[in-house]
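Visitor: Chains A and B supply the protein sequences, listed in that same order. Note that the working numbering has the first sequence beginning at 1, numbered continuously upward. Note that the working numbering has the second sequence beginning at 1, numbered continuously upward.
The set of hints was computed from the structure by calculation and includes no laboratory data. These figures come from a predicted structure and were not determined experimentally. A virtual CB, placed ideally from N, CA and C, is assigned to each residue, including glycine. Careful: at least some of the hints might be erroneous.
As the list claims (entries may be wrong) - Cβ-Cβ distance ranges computed for the label pairs, FRET-style:
hint	chain 1	residue 1	chain 2	residue 2	range
1	A	171	B	279	36 to 44 Å
2	A	119	B	56	51 to 59 Å
3	B	110	A	164	57 to 65 Å
4	A	54	B	161	35 to 43 Å
5	B	275	A	154	50 to 58 Å
6	B	161	A	37	38 to 46 Å
7	A	52	B	161	28 to 36 Å
8	B	87	A	67	13 to 21 Å
9	A	3	B	87	26 to 34 Å
10	A	90	B	95	24 to 32 Å
11	B	92	A	52	22 to 30 Å
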Amino acid sequence: MLEIAGLDLFYGDAQALDGVSLSVAAGEIVAIVGANGAGKSSLIRTVFGMERPHRGSIRFEGREIAGEPPHRICNLGIGQVAEGRQVFPNMTVRENLEMGATPPRARAGASAAMARVLALFPHLSERRRQLAGTLSGGEQQMLAIARCLMGQPRLVMLDEPSLGLAPVVAEEVFRVVRELNRRDGLTLVLVEQNVVQSLTLAHRGYVLENGRIVMEGGGAELLADDRVRRAYIGL
Amino acid sequence: MLYLNIIVAGLLTGAVYGLMALGLSVIFGVVRIVNFAHGEMMVLAMYGACLANAGLGLDPLLAVPLVTLTLFLLGYALQRGLINRYIARPDHEQFLLLLAVATMITASLLMGFGPDARNVQLGYAYDSYQIGAMLLDKVRLLAAAGAVLGAAALSGFFRFTRTGKSIRACADNQFGAQVVGLDVKRLYAVTFGLGAACVGAAGCLMLLLVDVQPYIATDYTLLAFIIVILGGLGSMPGALFGGILVGVSEALSGFLVEPSFKSAFSFGLLILVLLVRPQGLLGRA
Ligand SMILES: Nc1ncnc2c1ncn2[C@@H]1O[C@H](COP(=O)(O)OP(=O)(O)OP(=O)(O)O)[C@@H](O)[C@H]1O
Ligand SMILES: [Mg+2]
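Next up, chain A with everything else stripped away, as it sits in the complex (with noise of 0.2 Å):
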């Protein structure tokens, strides 16, 4: 679905990609782990047009959007819940809600989506009315999943998911990713410093490390390995 090749990003001189290649098939939940600048967000924002890529190419289901702007890729179906949930803190629940179906390709089936949203997150579905900068952190996580999905993407992409969720409620995150993988077929990819648990529901992950993939493989292959416990679970 996702084939990034030879990817390389800077911003001014400092190389930020190094030549980063992955793919990500239909169907699948794919981790990139890596530690604090090891280039995961400018990976994601790179795939989503908001970086100018120096080299390489990302295609997605077979076309090549290397250079389009975001508004674009939005509308080819892949979404994004940014790194610190970027949600409209001055908008009600319900208009950030709206405002995820932007993509005109999810003009048309924004209130089935809409009904469905809330459905899957009733937790939201009780605050529609309320801004969203009153929410907690997990319920701001939420709605930023929740308006993703009002685009109604084929490909999802999200950056540190559970950064600074009390364990109970990150556990929540992963649980309705999980949901959205299993029930919907959604394709997923979920970059996060959380390795076990992510590692543990992809499929596959791969590690990046100052802009460079250094290893992938199977999510508990990965989980087993030497290197990865002793560099990023501290055994």
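Dock chain B with the ligands against chain A, hints included.
Guide: Coordinates of chain B with the ligands only, in the frame set by chain A:
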């Protein structure tokens, strides 16, 4: 009673100021660009209304839709073609760009119309209504009604339309706007167009009340700044309220001291508000 009449006249004129300042506030609130050509655009709109009057025989009130649409398109094109390229540049470069636009507008108006003041002759210019001891000028009443209507239309647009909501989303969280797939640059252009449209309508309405000549543009730019800062940056009700306040202050100072002293009063008011409430009267801290 004389005071009441003066205050009411200032209040009505102030509503038109408010609509003009609303345009500045909307542009700044969303695009984060300070439109230093705001007063020049106002004067452009006033000349537009003059032309519509001379050429088509249109009353400035009836010229509002035409001039507003023209200014919208101008603002849209300006943002799309020029200002969008400067969004990420340092403030002083943006300042120079808008200053250049302002200078070009004034120079073009001077070339086209010369430096002399113009106005439109209205059959109802001296009509007034008497309510008790209060005397209301018809032109002022019409201008204020138009301004309030314009502001209400804009507010409804932001609240109820998809494009309006998208613009609010952009102002609320620009990164988030990109995340949901909004075309931010197009929305910036629409926003600048809307800000210019406010000025278009305000210019037509203002022409009911005063003469126009190219050099008054900078006065209007300053006026719009004072009002927006007074009312609170980014606050739409603040811009209207600030406009009305400045209108009243100008009217009173013109009566109590002398008309040429009115800007000093407005600036005094501004300094006072900044000292007591730096975020502006209706601004958020
Ligand atoms: N907009 C930017 N301009 C310049 N440098 C940047 C920018 N964004 C990120 N960087 C740099 O690029 C590198 C990768 O950053 P990135 O945010 O992609 O890492 P990350 O893996 O997402 O980290 P974290 O876990 O902290 O979110 C870092 O060295 C960072 O300082
Ligand atoms: Mg990151």
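Visitor: Decide, hint by hint, whether the structure agrees.
Guide: Results of checking the hints against the structure:
no.: 1; hint: 171(A) / 279(B): 36 to 44 Å; verdict: holds, 41 Å
no.: 2; hint: 119(A) / 56(B): 51 to 59 Å; verdict: holds, 57 Å
no.: 3; hint: 110(B) / 164(A): 57 to 65 Å; verdict: holds, 59 Å
no.: 4; hint: 54(A) / 161(B): 35 to 43 Å; verdict: holds, 40 Å
no.: 5; hint: 275(B) / 154(A): 50 to 58 Å; verdict: holds, 57 Å
no.: 6; hint: 161(B) / 37(A): 38 to 46 Å; verdict: holds, 42 Å
no.: 7; hint: 52(A) / 161(B): 28 to 36 Å; verdict: holds, 32 Å
no.: 8; hint: 87(B) / 67(A): 13 to 21 Å; verdict: holds, 19 Å
no.: 9; hint: 3(A) / 87(B): 26 to 34 Å; verdict: holds, 33 Å
no.: 10; hint: 90(A) / 95(B): 24 to 32 Å; verdict: holds, 28 Å
no.: 11; hint: 92(B) / 52(A): 22 to 30 Å; verdict: holds, 26 Å
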